[in-house]
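Each chain is listed here by its residues.
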Amino acid sequence: MDLLQLDALASLVLDGATVALPPDNSLPSCALVRALIRAGRKNLHLIGVPVSGYASDLLIGAGCVASIETSGVTLGEAGAAPRFVAALAAGTITVLDATCPAMHTMLQAAEKGVPFMPLRGIIGSDILAHRPDWKVIDNPFAPEIDPIVLLPALRPGFALFHAEMADTHGNVYVGRRRELATIAHASNRVLVTVEQVVDFDLLDDERLAPGTIGGAYVDHVAIAQRGAWPIGLPGCYDFDAAHFAEYARMARTDAGFQAYLQRYVYSDAALAAAE
Amino acid sequence: MDLLQLDALASLVLDGATVALPPDNSLPSCALVRALIRAGRKNLHLIGVPVSGYASDLLIGAGCVASIETSGVTLGEAGAAPRFVAALAAGTITVLDATCPAMHTMLQAAEKGVPFMPLRGIIGSDILAHRPDWKVIDNPFAPEIDPIVLLPALRPGFALFHAEMADTHGNVYVGRRRELATIAHASNRVLVTVEQVVDFDLLDDERLAPGTIGGAYVDHVAIAQRGAWPIGLPGCYDFDAAHFAEYARMARTDAGFQAYLQRYVYSDAALAAAE
Amino acid sequence: MAVALAALIQDPAAPPARHIAVGAASPIPAAACWLVRKAGANVRLSLLHKRRGNPFTEGTRELFDLAGQGRIDLFFLGGGQIDGQANINLIGTGDWPGSKVRFPGSFGSAFMYMMVPRTILFREEHSPRVFVPRVDIVSAPGISAPGVYRRGTAQALVTGKCVFGFDPARARFRLVSVHPGETAASVRAATGFDYDEPATVEDTPDPSAEQLALLRGAVCDEMLETYPEFCRRVWQREAQERVA
Amino acid sequence: MAVALAALIQDPAAPPARHIAVGAASPIPAAACWLVRKAGANVRLSLLHKRRGNPFTEGTRELFDLAGQGRIDLFFLGGGQIDGQANINLIGTGDWPGSKVRFPGSFGSAFMYMMVPRTILFREEHSPRVFVPRVDIVSAPGISAPGVYRRGTAQALVTGKCVFGFDPARARFRLVSVHPGETAASVRAATGFDYDEPATVEDTPDPSAEQLALLRGAVCDEMLETYPEFCRRVWQREAQERVA
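These protein sequences, in sequence, are chains A, B, C and D.
At position 171 of the first sequence the residue is numbered 171 (the numbering used here), and the sequence of numbers has no breaks.
At position 144 of the second sequence the residue is numbered 144 (the numbering used here), and the sequence of numbers has no breaks.
At position 28 of the third sequence the residue is numbered 28 (the numbering used here), and the sequence of numbers has no breaks.
At position 198 of the fourth sequence the residue is numbered 198 (the numbering used here), and the sequence of numbers has no breaks.
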């Protein structure tokens, strides 16, 4: 496992990369997202697993994103994702709509190394009509006509997330956020920020191993204390609802969003406070 | 969650039931298997996930089994599974051969609620020729001819396994034996023996939750101390290699196997010692 | 609305709801479920976005796998638009993918609506803008063509003004009851789609004193962590109170 | 055999082996992998059936998923029978499913053999009973028809008498080297399938003193827990020694 500085980690994600991000309740690395914005990354293709939130809205507002494939973009109780909605209206990004279990299924197909996987439902939804990459076949196991959707494997170039700890073998503890394991298995490269690197093998600990992603999947790790903030890390720090409300307020306008970036992404004070 | 006595748990599995059992390194409930033998269960259809071992050989030798679907039957370092081999030669059981990832895939299809799931490989193996329930289609996502196997969903009637602990909500801690979660999700009814029932909610503990199967899947639990024996339970007791060797020796002949049953399954002393 | 939803959850004419799942950002259905549970019903609740005590250990796909397995009996869906055939639109108005107003997205609706035996639709705002003759975009269809695998449809639609029942065979809503202050005529005026109406329309029952006490007490206790804004707005309760 | 396997693992002509998986009940390949690793090579080992330090946290399917993802570079397979086209039979002899002798079963072979870029076949017993012209039952095919998705084939076959290389284009083995005490003729006599033979056959190199020391020391240390019988038989080491 290769332990890097945060900015070095961000530099591995090149312009135009396909980047899978978990939703806000499932530990995107906000520290790494801020570093990508500071690095001026462009034309990213975001993948929401299965939905997208603050971290994606921030990247979209900062002009880093060309497209987003997701089942929904929302700030949760803080309301709609203002920069996503604005960018879509302005035509500066495109959105590829999906439905949550389809996002999971496409990643599971990549995890399994199969070219596609079936999923029930979806037929009759306009989503299907706008996904030429999704196919309907007649279920060959059914005695009668039984149309079923086949979804192609989705292999993101990068998975970015935050976790409580890694060990020196590159094993990463994600606890019950097991969707992060699926994302890691399905992605070509996995970049993780952690609160700390511990000096024992997480896989040797019977209590920690079940919540650990093996180092076979993890390419690089950087330490970013409070790297999930303003999202909470269970057991470490709480979700910052006040900051989410502040973001939702400021990001209503582009000018407000730019002020937000200055205050919380670009300024050294923000770096010192947040990272 | 319904806490039962071991024999009451065994009585839920009726003659002719389809029973999924994990292999010996993944915590079958040997206590429950012994109880099934004492109850004289007949015509069980065993499913090895993905392979079968001592627990299955014991049921086969005791005449409880009509068929077994599995990717392999072995006692590991103790050698071939003697009662499986003898029963197959005598024609008293039938075997439905599979390959490990196919067993996992068929259960994953049931877990997902889809009628089938694809898997690479297998084509050219005689296994495929003897599985009329497996189909080969042309991958509809490939530009050229690309045959791929589709496997049907496999939904066992029962999953039986042993675990370190359950709580009063029916949540069961399986640690890193996550294949037990897949089996539980895919099966109609889940019967579990545990070393102990704890009085806190396993899902409220961030360290234990990742290795916990939710009570939504668990129908009944019984306490069976040392219920995995002669298999080891990590952190509680070790694998009993000497007993495995003794079993392999005694089970070479039917007479020896019957003596084994008397000593370790039927006798009260065995019950007191083992359960 | 929560009380009306609670009555529908326990409707003796519907298949039993042993396991109810509630999606993210659904405080009213969550309150209804807690009301049913705190009143003593033996139902399992799986609440998404619950920060602590989240029942899923297989990641976020577990809800959908549970539904696929047939282990979820009842789910709730809202809609930016809902039409008279119970189609729901969570994507946006105008042309694809929401050229006039963009909504957040479909979430799991295109799967859950078809895989769960009972869905209760809910939307507080009852206006012709929301309840339209035909949704601009179908996130999830209200009914499916013969031969398409589907386990259930909408049971009902609960709004800020009334309760509609849904008949999948006719693909049509019928007015069941109106909330206090509303009439059959006021509902008709606020609804953009056509529906059936009985000769005499019942009133939605008022919450009982016991129900109100449960909502303000035990139900709010359970919801404070996940929905602090909702609890503050509806019950004037602050998240800190519980800790203090 | 472990030393010959180790040399094949590190064959500079083969694609790199960064991640090697070793199946259950494979002590000799496991020893070879540990030998490579303890000698300083930077390889990741995933050993099935390791009771402690098992690298899989997704259950037993994780090995197969890893192979499906293309993350396993090298795997080992044995065979109750192996034929000249590198077909392996782990099911049994005689008619399906093993009317004469039943073997344990195919395990993951029908998948792994086709999904992993390199497979090293091994079988200590070198006899016409094992190495047959044509296996009675194909657990996993040595080569596949054009158009069938396949990432790799056998790289070599290591036996108690010799090392064969495999040419997938010709579907044929060739003798590479013979172990001490064996000759081209003694190998030919013990082999039921036909294969190519160079004019002069090399000797399989003897283990070096360093390799022997590693095998008896650090390699055995790693293997004692998983393969106590093997360690006792080969190195006269007891599992208790490590604990003491």
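Keep in mind that a hint or two might mislead.
Keeping only pairs whose Cα atoms sit at most 20 Å apart, straight-line, the calculated SDA-like set for lysine to any residue is [claimed, not checked]:
#, chain 1, residue 1, chain 2, residue 2
1, B, K135, A, P140
2, C, K38, C, D206
3, C, K100, A, P140
4, C, K100, A, G91
5, C, K38, C, Q10
6, A, K42, A, D7
Simulated from the structure, these hints should not be mistaken for laboratory data.
**Prompt:** Straight-line Cα separation of K38 of chain C and Q10 of chain C no greater than 20 Å?
**Reply:** holds, 13 Å
**Request:** Would you check the hint for K100 of chain C and G91 of chain A, treating anything up to 20 Å between C-alpha atoms as holding?
**Result:** holds, 12 Å
**Message:** Check whether the Cα positions of K135 of chain B and P140 of chain A lie no farther apart than 20 Å.
**Reply:** holds, 8 Å
**Message:** Checking one constraint from the list: CA of K100 of chain C to CA of P140 of chain A, max 20 Å. Satisfied?
**Reply:** Violated, at about 41 Å.
**Prompt:** Taken at face value, is the distance from the CA of D206 of chain C to the CA of K38 of chain C at most 20 Å?
**Reply:** The given pair, whose Cα atoms are some 18 Å apart, holds under the 20 Å limit.
**Message:** Just to be careful, I want the Cα atoms of K42 of chain A and D7 of chain A compared with a cutoff of 20 Å; is the pair within it?
**Reply:** Distance ~16 Å between K42 of chain A and D7 of chain A Cα, so the pair holds.
Comparing the model with each numbered hint stated earlier shows that hint 3 is the single one that does not hold.
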